[in-house]
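A.B. asks: Residue numbers (my numbering), protein chains in the order written: chain A, 1 to 263; chain B, 1 to 310.
Simulated from the structure, these hints should not be mistaken for laboratory data.
For glycine and all other residues, C-beta sits at the position ideal for the given N, C-alpha and C.
Incorrect hints may appear among the rest.
[Stated by the list, open to error] Per the computed footprint, the stretches of chain A lying under chain B, defined by three or more beta-carbons under 8 angstroms from a beta-carbon of chain B, are:
hint, region
1, 20-31
2, 79-92
[Said to hold, decoys possible] DSS-like, lysine-lysine: derived pairs with alpha carbons at most 30 angstroms apart:
hint, chain 1, residue 1, chain 2, residue 2
3, A, K99, B, K17
4, B, K17, A, K258
5, B, K17, A, K255
6, B, K114, B, K186
7, A, K258, A, K99
8, B, K17, A, K259
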Amino acid sequence: MKDNRSYLYPPLASRLFSVWFRHTRVYTKNIFSNGLPPFLEPLLFLAGVGLGLAKYITQSMEGLTYIEFLGTGLLMTSAMFTASFECTFGTFIRMEFEKVYDGMLAAPLTANNLIIGEIIWAGTKGFFFSFAVLCVLTCFGIISLPRGLLAPFIGFFTGLMFSVMALLVTSFVRTINHFNFYFTGFISPMFFFSGVVFPISNLPAYIRPFAEIIPLTHSVRLTRAVCAGQYHWYLLLDMLYIIVFISVVGFFAVKRLKKRLVF
Amino acid sequence: MTQFAITVKNISKSFGKVNAVRDLSFEVEANACYGFLGPNGAGKTTMMKMLYGKCTRGENGGGSINVLGYDPANNELAIKYLSGVVPQDNNLDEELDVISNLMVYSRFYALPRKAATSRIDYLLGFMELSDKRAARIRELSGGMQRRLVIARALMNNPKLLILDEPTTGLDPQVRHLIWDKLRQLKRHGTTILLTTHYMEEAFALCDTILIMDKGAGILRGSPAELLTKNVEKYVLEITGSQTLEAIADDATLQKVRIDRTQETTRVYCDDDQLLSNLAGRLEGARYFLRQSNLEDVFLKATGRALNERQ
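Work out the full structure, taking the sequences as your base and the hints as a guide.
C.D. replies: Shown next as structure tokens:
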């Protein structure tokens, strides 16, 4: 009963692309309401800080003015937030409420394909959100361009890191309200303790190791170095951290979430 | 030799302490329509999901599944590529319009854009949705959404179409339209596997019916076979409080099978004359003498009381 046609099911790259394509189509369907806020948010942030707070902060931070320091940090927090929301609330709604995955898993996709497609999509959103911040920062002359163009690529990897972590959390969550704990207990502290708003060298010595453990610190350090054009050998460690984090957490996230989809 | 599209042998599956499917075996002939009939919680959906790898089979290791020549445990992609699935819920992308829903789905099969466009045109025409191509999902009625899900399942011209309660909650017009389309597909060589609660649906479409209860297959056969082998030809349904014993003598009671619920008494017998005489003796009670149908077989086989899973 075998025939050749059956071996023509799409190859891996095509299957991953099709998942990514689905998410892109749904996201770009409401391009105005989905595409505008990523530009507005950094604008608001910089306006608030630039017009008010920055006047009081005259000390330079790691050789940057405060607005430059904060701006380079925001490149990464925007990627962090979008990937985290996408793969917590977004994934949970697609899985449990809209049952979108049930429809997709009837097509020639494995659960692994679907989850990895999800991760790549979250990375893409990280890229786009970083890019939006970059546009705003460039308009205000906070970042000089050729160097800043690398930031969205780091945003992509930041998106991957936070999506694998979010998916791992999602694999445990039974009701959607539990995500509040994740955001209050993990994502919000990340904003303050990973060198976005102030240098981690200013943290008390006993907290600093903690800052080195959390993922955002490494993306922010890389981004700042890239934007300032100051490269050190220890940036390799940050890159290594990011790659190991994505692989290890991603492995467990895929493994656990698969059990929620195929049981 | 008969070709089988699906062969399932001794499959069991449990979720925690619940045995969803117990030692089930069945074979579906190619180009036939096979129906699972059973109460809620009988294991119909679980068994279907195991066929295309949405559920893993039981971990006790026994049994085997073969779908279109492949084992879902090793080659789910081939099975999914050759099959179309209509799940119980209409899980369409609400944000997208009709045509985008189908375009997105065509990517999963890596259909080239041009081929996808013409296939989608054909499918919308086939399911009589052509004038809804630009409509949003929310603007579609339940019947239209269901037809769209079926169109979506037909995207890759499947050899096997799996439908989980295809017409539940739809009005008679849509049901008959869907039945007609399914018959057409079968005539053109598609194997169809469906679950349903509706006896008429099983009767109208299926070549073979498997009645399931509590995860096990309890009766199987063609609709006609199930009727003749398992239930008397006629039923007298009596509504009201009149007791049967008051109008029937012992000799008559010996010849009939009686099934009572609180308000209705059903008297089954192969002899319609006997039942009609009995009906003539009823005073004032409402009654209905009819041929027995699959529902009677079903209730006899699965019992009338609700179980804890319904």
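A.B. asks: Could you run down the list of hints and mark each one as holding or not?
C.D. replies: Hints versus structure:
1. 20-31: n = 6 at 8 angstroms, threshold three: holds.
2. 79-92: violated (count 0)
3. A:K99 / B:K17: 25 angstroms, holds
4. B:K17 / A:K258: The hint holds at about 21 angstroms.
5. B:K17 / A:K255: Distance of about 23 angstroms is within 30 angstroms: holds.
6. B:K114 / B:K186: 27 angstroms, holds
7. A:K258 / A:K99: Measuring from Cα to Cα gives roughly 15 angstroms; hence the hint holds.
8. B:K17 / A:K259: 18 angstroms, holds
The structure shown violates just one earlier hint, number 2.
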